[in-house]
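A.B. asks: Those protein sequences? They're chains F and H, same order as listed.
Per the numbering used here, the very first residue in the first sequence carries number 63; after that it's consecutive.
Per the numbering used here, the very first residue in the second sequence carries number 73; after that it's consecutive.
It is worth saying that the hints were derived from the structure and are not from the lab.
All values derive from a computational prediction rather than experimental measurement.
All C-beta atoms, glycine included, are put in the ideal place defined by N, C-alpha and C.
Treat the hints with care, since some could be wrong.
Between beta-carbon pairs, the in silico distance windows are [what the hints assert, rightly or not]:
#1 H:VAL214 / F:LEU160: 52 to 60 Å
#2 F:SER404 / H:THR88: 50 to 58 Å
#3 H:ALA187 / F:LEU160: 33 to 41 Å
#4 H:ASP128 / F:GLN283: 16 to 24 Å
#5 H:ARG182 / F:ASP324: 35 to 43 Å
#6 H:ASN282 / F:TRP265: 43 to 51 Å
#7 H:ALA187 / F:LEU414: 48 to 56 Å
#8 F:TRP265 / H:SER164: 18 to 26 Å
#9 H:SER220 / F:LEU453: 55 to 63 Å
#10 H:SER164 / F:LEU93: 23 to 31 Å
#11 H:GLY207 / F:ARG193: 35 to 43 Å
According to the in silico footprint, chain F covers these stretches of chain H (three or more CB under 8 Å from chain F) [what the hints assert, rightly or not]:
#12 162–176
#13 180–194
Listed below are the residues making up each chain.
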Amino acid sequence: MPSETSVMHSNRDHQNAGTLLGLPRMKGLLLCGGMLGVAGLVAWGSGFAVLLATQICVLWCFGLSYQLLFGRTGMLSFGHAVNFGLAAFATTHAVRWLGGPGGWPIYEILPLFGALAGMLCGLVLGYPVTRRSGVAFAMVTLGLGELVAACFLMFPGFFGGEAGITLQRTTVASALGLDYGRSANQLVLTSCWSLLVVGVILWLAQTPFGLAIVAVRENPQRIEYLGYRTASVRWASYLVASTLAGIAGSMSALTYEIVTVDSVSLHTSANVLLMTVIGGAQSVLGPLVGAVFLTVMQSVVSDWTRAWLFYYGFVFVIVVLEAPDGIMGLFGRPRGERSTRSSMTRASGYGLFAVLLVVFVETCYQLTLGEPTQLPGWQDLKPPELKAILLCSGALVAAAIVLWLRSREVQQ
Amino acid sequence: MSALVLKGVHKSFGLTSVIRGTDLEINPQERVALIGPNGAGKSTLFALISGQLRPDAGEIHLNGVDMTGKAPYLLARAGLGRSFQVSNLFWSLTVRDNLTCAAMWCSGQRLGMLARRQASFALMQRVDDLLETLGLSERAHVKASALSYAEQRVLEIGMTVASEPNCMLLDEPTAGMSKAETHRVIELIKRISTGRTLVIIEHDMNVVFNLADRVAVLVYGRVLAFDRPAAIRSNPEVQSAYLGQHASQSALPHA
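Pulled out of the complex, with its shape left as it was, chain F reads as follows (with noise of 0.2 Å):
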């Protein structure tokens, strides 16, 4: 039987435990505003903004799965797109096998597949990996992954060569009798497994598990005098990851019906780091707002500017800088920091700096290549205008980067 005190210390424990992994009640509001932002895209929303959504939820389930390595474990990979391109072959190849007339009806668990190849990734390629850490692990996972997409050209049968390999979602009947080619269904399923991973996630955090890699994160020579070794809890971290992120590679797999070499590149490794750093590596919220960062400028942005790259890497940088915990930790830091002047002007500072940025690299990209941008006015433009504008902005914003940094030298 607990006795009484035991028991308030567990429900003071719980609710620590609640604020802990963010805000509850914001956290609360947020899921119920993105279920019913589902619900409604169902219902009445394009084609196009359903994509979307059902992008976003694939980098969320990513995105946990990599911050469970990075932010709770503290191991900074640059290999781990290769779990999740590896499941998502593995899911293609299910789907080509099972699939076709007189199959079995199993297409709401299919992502079991690919959490199935993500774990058998974990258990052999996540062995010779954890052994190391730090920057040593950095290194090895950087050269697992390049070796992983070298294996691309090596064995086209498997993986398709250069053109990939595609699938066909509909080839395989539903358990629930629903039409998967409607891209809203495979929206509902996908979100369906998004909240899965959610909870997931948040229920390891209350485990021993959970415990134990951030405590060996935080101090791994104290942990060894404790009985762990930090070998194996750093592998059982990278397990758990490479299983879920092969649940994400599956449902990309699913969602897109085709895999190529990029799944497994580093471009998608370093995707995921740039997208859970930007929205916040502690919080659960912080890969969904990397997600809706990510596929907002690739899908949105991209079509607005060819710029795009270089605002996402701005914002990456600027965030690295100024919020180390991401956009969602700017919202968990105290409130008397939150709302004091000097963050507010350091804020409209900000916003006033992208602007001139913007500016610049617009009209720099017009006078260059010869297209007009989109920002209003700009398209009637003549070149020597272009010009002048290009060095008045060029001269703002190289005399705000040697402000910005003399403050920061007066600040240390």
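For chain F, the structure is supplied; the task is to place chain H on it using the hints.
C.D. replies: Showing chain H alone in chain F's frame:
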């Protein structure tokens, strides 16, 4: 069977020989104080016993099992606990989480993923009891980094005992503490070390002679004497080698 045995342990760093044939045999549930002048190799000896360093030669037995050169986690699982001279905590975790981490492996929770930590009654009970013993119940939800220095030292000891070791190594647990704090910590160490073997590095001679069943004097990597406090006090060799540095008689309280 002895709790801890060191046989001819050697350790050198480059050309500097730090531990030069140390022999020590500690009985179960004995409290041993390890004293010696600065640079005698006390902390190095702890690092060797706890697996942080590997001895160049010699053997280390824990509860009759040869554990020479074994990794720290294996030693910890075999029942060895150690504290650090400079507090070595999980700084961003709360006091409660620090102790939970320390107690998790031995309470059988290990890397469990299927149940919440709070679901293990044995683990929660252990942590609650420890918080009570350490006098940190009120501070359970404070981050380790926000504790006062003395509280951090107490938590450091608590982390060592949380894993239920049968042999504890405490490296200067009272370093930098006021007289009142030192007194409280020594009372705490007495309480938590009952039923365990204790080896403690300590500079305060009052503490040493008050706490220890036997005192080992380490000078230049060798055990010069290992005997009851009274015998150590009157040992002329010890007085000249170590205690002679300070005005020998005044440093030794005649209880």
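A.B. asks: Hint by hint, say whether it matches the structure.
C.D. replies: Cross-check of the supplied hints:
| no. | hint | in the structure |
| --- | --- | --- |
| 1 | H:VAL214 / F:LEU160: 52 to 60 Å | 55 Å, holds |
| 2 | F:SER404 / H:THR88: 50 to 58 Å | 52 Å, holds |
| 3 | H:ALA187 / F:LEU160: 33 to 41 Å | 35 Å, holds |
| 4 | H:ASP128 / F:GLN283: 16 to 24 Å | 22 Å, holds |
| 5 | H:ARG182 / F:ASP324: 35 to 43 Å | 39 Å, holds |
| 6 | H:ASN282 / F:TRP265: 43 to 51 Å | 49 Å, holds |
| 7 | H:ALA187 / F:LEU414: 48 to 56 Å | 52 Å, holds |
| 8 | F:TRP265 / H:SER164: 18 to 26 Å | 22 Å, holds |
| 9 | H:SER220 / F:LEU453: 55 to 63 Å | 58 Å, holds |
| 10 | H:SER164 / F:LEU93: 23 to 31 Å | 26 Å, holds |
| 11 | H:GLY207 / F:ARG193: 35 to 43 Å | 41 Å, holds |
| 12 | 162–176 | holds (count 11) |
| 13 | 180–194 | holds (count 12) |
Hint check: no violations occur; every hint is consistent with the structure.
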